[in-house]
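Undergrad: As given, the protein sequences belong to chains A and B, one line each in that order.
For the first sequence, the residue numbers in this note's numbering are 1 to 411.
For the second sequence, the residue numbers in this note's numbering are 1 to 58.
I should point out that these hints are in silico values taken from the structure, not numbers from a laboratory.
Please note: incorrect hints may appear among the correct ones.
[Said to hold, decoys possible] Okay, the calculated bits of chain B under chain A, using three or more residues with CB under 8 Å as the criterion:
(1) 2-8
(2) 22-35
[To be verified] Cβ pair distances, simulated, as ranges:
(3) B:N41 with A:N67: 17 to 27 Å
(4) B:N41 with A:Y145: 38 to 48 Å
(5) A:T136 with B:D9: 33 to 43 Å
(6) B:N41 with A:T108: 29 to 39 Å
(7) A:D75 with B:A13: 50 to 60 Å
(8) A:N161 with B:V23: 36 to 46 Å
(9) A:N161 with B:N41: 35 to 45 Å
(10) A:D75 with B:M1: 45 to 55 Å
(11) A:T108 with B:A13: 55 to 65 Å
(12) B:P7 with A:Q133: 54 to 64 Å
(13) A:T55 with B:N41: 54 to 64 Å
(14) A:D75 with B:T3: 50 to 60 Å
(15) B:D21 with A:T377: 19 to 29 Å
(16) A:T114 with B:A13: 49 to 59 Å
A virtual CB, placed ideally from N, CA and C, is assigned to each residue, including glycine.
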Amino acid sequence: MATSPIYSWPEPDNTDLVKNGALAIRTLGNAIDTTMGTMVAKTVVDAKGDLIAGTAADTVNRLAVGNNGETLVADSSTSTGLRYQSNFAAGKNAVINGDLGVWQRGTTFSVAGTNYTADRFRVVAAGATVSRQNFTAGTAPVAGYEGQYYFNQLNTANNQNYDTSIRLENARTFAGQTVTLSFWARSTAGAQPLNVAIYQSFGTGGSPSSDVAATYVSGSGSPYTPTASWVRYTFTYTMPSVSGKTFGTNNDSYLILRLFQYTTTATNTSIDIWGVQLEAGSVATAFQTATGTIQGELGACQRYFQQIVNGANQNIAVAWNYSSSYAIGIMSLPVVMRTAPTIAVTSGTDYYTFERNGGLDNVNAFFGAANTNPNNTITLRNSSEVSGTAGQAGFFFSNNASSNISLSAEL
Amino acid sequence: MRTYEIPTDPKLAGIIIAYEDGVVFSIPKDEANSDYQRYLNPEAKQSTPIVIDETKTK
Chain A
1 MATSPIYSWP
11 EPDNTDLVKN
21 GALAIRTLGN
31 AIDTTMGTMV
41 AKTVVDAKGD
51 LIAGTAADTV
61 NRLAVGNNGE
71 TLVADSSTST
81 GLRYQSNFAA
91 GKNAVINGDL
101 GVWQRGTTFS
111 VAGTNYTADR
121 FRVVAAGATV
131 SRQNFTAGTA
141 PVAGYEGQYY
151 FNQLNTANNQ
161 NYDTSIRLEN
171 ARTFAGQTVT
181 LSFWARSTAG
191 AQPLNVAIYQ
201 SFGTGGSPSS
211 DVAATYVSGS
221 GSPYTPTASW
231 VRYTFTYTMP
241 SVSGKTFGTN
251 NDSYLILRLF
261 QYTTTATNTS
271 IDIWGVQLEA
281 GSVATAFQTA
291 TGTIQGELGA
301 CQRYFQQIVN
311 GANQNIAVAW
321 NYSSSYAIGI
331 MSLPVVMRTA
341 PTIAVTSGTD
351 YYTFERNGGL
361 DNVNAFFGAA
371 NTNPNNTITL
381 RNSSEVSGTA
391 GQAGFFFSNN
401 ASSNISLSAE
411 L
Chain B
1 MRTYEIPTDP
11 KLAGIIIAYE
21 DGVVFSIPKD
31 EANSDYQRYL
41 NPEAKQSTPI
51 VIDETKTK
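Put together the whole structure using the sequences plus the hints.
TA: Below, the structure written as structure tokens:
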């Protein structure tokens, strides 16, 4: 018997008797019917861009097209295993210094109160040591992203509250959207259940005056208890709408990303953190830094904090004698800061030097003033230890290993 | 313990000076500066709330 060239349906031969035609047609019809039963009906799709996606073995369903600009990603939690999401090729991660690459303030901190440690990482602790730790090459928790440093916090005080968080400028960030916070964590000693949360804070004079918590949807749960091995923990939230809220007039609203908080009943709890990411959507995608470059991350951090001097023999600023007993130096900042910064100068005998006119004046400290709008320059002044002649020019430099000048425009 | 001083130098009229642990802080009188807010409102909260609303976080 002949068969059709593609589906091999049975066909009568040219020499078959006419009396057998009805049976031949019936046999062919049944074969066609059987084949059609395995095919996808065009009525599955309803609109332009719809996709036909498998939902199980030999089972399909319609996946409606996403919004303009969205990309299709795998998502095992959906019926089709696929999901459209907004694509943030750059700026996907709202967390600056999420890979713990920037530590302008130093690499070891004894915290008894509130301290910024690694850039953007704010620690509240009665007694803790925070330090920068190095990944052994090849042991970073993400294949394909070789992290260099991670954050370690060793909490040493008993019966105290610990709170480590990151503040993201502007409470409008992700308002009304689904977001996912993710990071890798481990606890190699004294593991504790750790609370995690996201809050909106509406700034000085804003309303409500108390922080507004985002609604937890799914993920690793709060509290989560890190194990001794690196694990990526994910937390999906619905961010509250800012409709009806009032922002303070100082542009100092922010989001609080609480990475961990607990009140301990044990001492010497060690917590490691790396790879912090906050992104739109309900899935933690591959980690990347906020800016994608080393210089970009440093510059983003310097919007909030700048280490100007840290140690001896570092140039500070061009300076001149305003009068015989008053010297002024001015410096341009590498990055415009969030607001006029606080200038912090570690003082000590002869910690700094004014070199001018072939001579040196050692000074103990400076007072400073920052430019406002744009927040791009500062002046440093001394009227206690300098001498000279009005109009003489020179420069300030540091003169002691403990010399330290920094600028803070933190939230 | 941080102590504050109003500078007498008219060229520093835009700042508050603070001293703490051997560090001299020049704090601009800028409402958006968190150190200035701390000077204005020393009793204001300095950290995120401690109490967790379990219905919102779990």
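Undergrad: Next, verify each hint and record whether it holds.
TA: Cross-check of the supplied hints:
1. 2-8: Coverage by chain A is violated for the region 2-8 of chain B (1 residues, Cβ < 8 Å).
2. 22-35: Satisfied; 13 residues make the cut.
3. B:N41 with A:N67: 17 to 27 Å: With Cβ atoms ~44 Å apart, the hint is violated.
4. B:N41 with A:Y145: 38 to 48 Å: Hint holds: Cβ distance 42 Å, inside 38 to 48 Å.
5. A:T136 with B:D9: 33 to 43 Å: Given about 53 Å between the Cβ atoms, the range is violated.
6. B:N41 with A:T108: 29 to 39 Å: holds, 31 Å
7. A:D75 with B:A13: 50 to 60 Å: Check passed, 58 Å falls within 50 to 60 Å.
8. A:N161 with B:V23: 36 to 46 Å: 26 Å Cβ-Cβ, so the 36 to 46 Å window is violated.
9. A:N161 with B:N41: 35 to 45 Å: Violated - the Cβ-Cβ distance for A:N161 and B:N41, about 21 Å, lies outside 35 to 45 Å.
10. A:D75 with B:M1: 45 to 55 Å: holds, 53 Å
11. A:T108 with B:A13: 55 to 65 Å: violated, 38 Å
12. B:P7 with A:Q133: 54 to 64 Å: violated, 42 Å
13. A:T55 with B:N41: 54 to 64 Å: holds, 57 Å
14. A:D75 with B:T3: 50 to 60 Å: holds, 56 Å
15. B:D21 with A:T377: 19 to 29 Å: The hint (19 to 29 Å, Cβ to Cβ) holds, given that B:D21 and A:T377 are roughly 27 Å apart.
16. A:T114 with B:A13: 49 to 59 Å: violated, 29 Å
Violated hints, in rising order: 1, 3, 5, 8, 9, 11, 12 and 16; the structure is consistent with all others.
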